[in-house]
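K.L.:
The residues making up each chain are set out below.
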Amino acid sequence: MPRKQPVYRNRVELLQGTLDLLILQTLQWGPRHGYGISQAIRAGSGDVLRADTGSLYPALHRLERAKWIAAEWKQSENQQRVKVYRLTAAGKKQLLSERSRWEQMVNAIGGILRHEPS
Amino acid sequence: MSRRDRRLKEEIESHLRMAIRDRMERGESAAEAEANARREFGNQVLVEEVTRQMWSWIWLEQLWRDVCYGLRGMRRNPGFTAVAILALALGIGANSAIFTAVNAILLRPLGYRDPERLVTILNHGTGPVAPANFVDWKAQSRSFDNMGAAEAWTPDLTGSDRPEKLWALRVSADILPLLGVPPALGRFFTPGEDQPGSQFEVVLGYSLWQRQFGGDSHVLGRRIQLDNQTYTVIGVMPRGFRFAPFWATRAELWAPLALGPRASQRGNSLRLFARLRPGITLEQARAEFSSIKAALERQYPGTNQDQRIVPLKERVVGEIRPALLTLLCAVGFVLLIACANVAHMLLARSATRSHEVAVRAALGAGRGQLLRQFLAESLTLAMLGGAVGLLLAYWGVRAMVRFGPPGIPRLETLSLDWRVAGWTLAVSLVTGILFGLAPALRASGLNSAESLKKGGRASSGTGRQRVRGLLVVSEFALSLMLLIGAGLMLRSFVALQAIDPGFRPDHLLTMILSVGGSPDAGLERAPEFYQGALARVRAIPGVTSAGMTNHLPIAGDFWGLPFWIEGRPLPHPGEAADAGFRLALPGYLETMQIPIVRGRSIDAGDTADSPGVVVINQYMAQTYWPGGNAIGKRLTLDDPSSSRKPAWLTVVGIAKNDVRDDWAAPPAEEIFLPYLQHTDAMGHYITLVVRTKGDPAFLAPVIERSIWRIDRNVTISEVQTMNSVIEGANAEARFNMALLAVFATVATVLSAVGIFGVMSYAATRRRREIGIRLALGARPTEVLQLITREGMVLALCGTAAGIAGALALTRLMAKLLYGVEPVDPLTFIAVPLLLTTVALAACLVPAFRAARTSPVTALRQE
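Chains A and B are the protein sequences, given in the same order.
In this text, residue positions in the first sequence follow numbering that gives the first Met the number 0: the first is 0, and each later residue adds one.
In this text, residue positions in the second sequence follow numbering that gives the first Met the number 0: the first is 0, and each later residue adds one.
Please note: incorrect hints may appear among the correct ones.
Computed footprint of chain B on chain A; a stretch qualifies when at least three of its residues, placed anywhere within it, have a C-beta under 8 Å from a C-beta of chain B [stated by the list, open to error]:
1) 20-34
2) 42-56
3) 59-68
4) 78-85
No lab work stands behind these hints, which were simulated from the structure alone.
Even for Gly, the Cβ is constructed at its ideal location relative to N, Cα and C.
Based on the sequences and whatever the hints tell you, model everything.
P.N.:
Dropping the structure here:
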């Protein structure tokens, strides 16, 4: 039976398709840690999109499991251990296909929005 | 906390630290920065939790989401869901119930150690062998760890509050250890104890121990009276222990078998059990056995005939296996039909869901995801069906145990266990994939743009129609095969019922009187007691006549003896013909109403002092005296080649053939001997047969009381009417027929629903076309024909395929049939006709509805 889901889960569902795309896209320019990714999405979208941490970390771990991104522990500039993600070869392929799917969907939805049904 | 959990915490804390540092660089105070960063981050624990879920449960969660989605869809369509689940539950439930029987009877090992190494040695693979053979084989064979013999025994237990006749076995000391089941209490016999004189010890079965001794743990050493002799209890077997497994299955007491001088006897009375020596195969044992037999045959001609080594399990389940496999096949068909039905329904629904699918596809769901979602839905349906099915199976199994025929081995052990649950789960999974795959492939492969354009109208590809047609055809084929199977069973059941038993079974009451426990009516005085009892019983008002015999036809044991006819050449040793014999007190043949066709019956004048006489049956008279002059001829039961003065018996009468021990067996030689001339051949019990005016069951207590008035120590058992004896003999055939009939009916209803659904759907889909036809002047009857023809083509294709399948399959049922060929013309004509009629009816309803369509509404709707 459908049960009441926690608030975060719902947001994951809403963003899931696109958040993956955004993460992969962000990592295309080089390895980053989770905080860095969230900052990049925020800055890159002109402060419109915010990757909620409750969606971001599950997405990162899911993508890591899917082997689209790989993680490493590194020392940051101020001598702290941070987990850094980078794009894998499979991730690059996935990024391409997600991008084309996204474009398809934008076109499809755009098409629906432009035409009134007869 | 696992390493991964610590790492996650560290990752999140580093995130927070970096956020705080950024904020402080932008000029916030340390406290402010921390508070804001934490607020922005949100609930840390919750973030950790949802992240952790990504590690391992990702697919399960997706599955769960799909299942939830499916369940939501089901709730929106309660009618559809209920019908689908019911159909699946019937199919799966029938499967689980029959599988339970297969599991308990065929698959579960016998309750002994290494049961597959146990064998039994029997005459013709079924009957007992001679003690002399046992002694020789045991001494000479090297293939067995051990070999033991068993003999049925029915002692009277007296001296307790409730005297009763017990089912027991006399076994050689080797048998119980050979089985590998240790006693729950006490010990087994030691090898010396199966010698004459020291055989007065018993091992109790659990149920007897509970019933007669209240489960008393101090029962060891107790002395009990069996047949007026004192025995000592030395052991108790654990609960659930059963021996022997295929005959004398009710035995609940074991005593040593002291062969003594009997060890040289040739009369067949023992069933042998042995355990193969490690490393010896059955074939090796059989090879050795035949060479031993060949050597013995040279030594004692005519003594080593057709004795065979049979695996114990094979002997226990061999006869029931064809029936169970037929039933398993039948329920498999029922399940396939149910699958086909649900697949129809899903196909019909997927047509209306094409819009939903298109939207989901447009929003980014891949074909794999759609497929997974559809399969998750059908699997959810199948699992629900399986759950309900398991419930049905539970009831079904209880009914089988309750109403099952008495002859089926291990029927009482039927129960749902993990294997049945596993089977049900597997069947449900396979079912879900089977009926869900075609609709799912079809639905997920839809061209999304086209479906969106059509705006949710049911699409009607020809491919889909072909799949549905194929489903209907296979449903009909399967139903037809089932119906033909059921029809054949019905025909053979009718044939069984029509057998003339040779006597009148109604108004007959039978019971076994046993004098073994009576000090007064002991063996020497038994004849007086029997005659006195007969006189008493005949005097009871309501009793028409009464007689006694050693064994009743069908119900009782059946003994055979070789015989020799006077003046005929002696056959080779061991090759004399056998006749089944019944010892009869005067009045037995008359009470049974076995007609005497020639000569006279056994009467009161045939006593120990008068000349020996015999009444033979018609079969024997015709076989040995084809000229019809049997009366007055003489035969003997003593081997004339070894006995100097054989006792000659004059044939005084010829009786009509009656059923012997097996209801459906063809007639064979049978002789009736006056009991008073052969009192030594009888044990300590006899069967009383009473013909009554009214309901025989009413008289049972009166008869029992009148016998106990003569001697209270006589036990009375097996009180039953002859009708119920015959019912019991045919119970298995009736049971198989009833089960097959139930399955065939379910199958027919399911396929009728199937064709009805398909034709209704086809008619709806063609509304527009029909509307146009009607508008252009077609008459309603033409529309009727159009729709009906389409359905009937499918039904007839299915029927043809079913006939072909049935021709191939019913051959396998041959062992279950009596008096009817596997390819029975009547069945093969009547059943297809019946099924076609059902199909026609199922087509006509939607066809009529289509013919009544108003062209205006039909056209406007589109």
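K.L.:
Return the numbers of the hints above that this structure violates; sort them in rising order.
P.N.:
none
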